[in-house]
Amino acid sequence: EAGVAQSPRYKIIEKRQSVAFWCNPISGHATLYWYQQILGQGPKLLIQFQNNGVVDDSQLPKDRFSAERLKGVDSTLKIQPAKLEDSAVYLCAILEDYEQYFGPGTRLTVT
Amino acid sequence: GESVGLHLPTLSVQEGDNSIINCAYSNSASDYFIWYKQESGKGPQFIIDIRSNMDKRQGQRVTVLLNKTVKHLSLQIAATQPGDSAVYFCAESLNSGYALNFGKGTSLLVTP
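Which chain is which? The protein sequence lines are A and B, in order.
When you number the first sequence by the working numbering, it's gap-free, plus one each residue, and the end is 111.
When you number the second sequence by the working numbering, it's gap-free, plus one each residue, and the end is 112.
Worth flagging that the hints you see were computed from the coordinates, not collected in a lab.
Computed from a predicted model, the values in this text were never measured in an experiment.
Be a bit skeptical, because a hint or two may be false.
With the Cβ distance kept under 7 Å, some of the chain B side facing chain A (calculated, not the full set) [as the list claims (entries may be wrong)]:
#1 K42
#2 G43
#3 F89
#4 G97
#5 F102
#6 K104
Idealized CB from N, CA, C, for every residue including glycine.
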């Protein structure tokens, strides 16, 4: 089974600060996703990568969010500047055999 | 816009009983559906999936039913156990790259 590591697990920042999250799939997978999960809701897709390229970023708030995938393996998601409504869990997932495997997520609190 | 939603936000069942979690979807073009289980502090975990050319699929203690006529999906868990306590999400595939549109979730609580 595929494994997905994420760091940090928790982050607390003040509004208008910047923050970055990392996603490290244990083994290489072509397709990688970032989701945002607000408390009490289901995950919402932010961006989908196929290798190094972006497949879908239609729901990514591009004025403050950015993401990149390095060498088709690891990925980073950045928020600059953060707003209160960005408080959520940020989940990274990879696709293996048509199934998505999720990491444990990074819980972001913006105060 | 198109969305996937759940009928009930919470469900409480006794250990050993069967559980049924329902989901409605609005996009008639959706052709792939998945149920996920999410425990506190963890990412969603795949349970079972079904494609639109099927109306039923069974796994270990779980069954997914798809009614395309009324755009309804259900997850049945047999002999529910305390370890089944979690939030359950239905999701539909957004594109050919299997990106997912999740519903809000149903919290299942299994009592002894």
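Exercise. Of all the hints given earlier, name the ones this structure violates by number, lowest first.
Key: Checked against the structure, no hint fails, so every one of them is satisfied.
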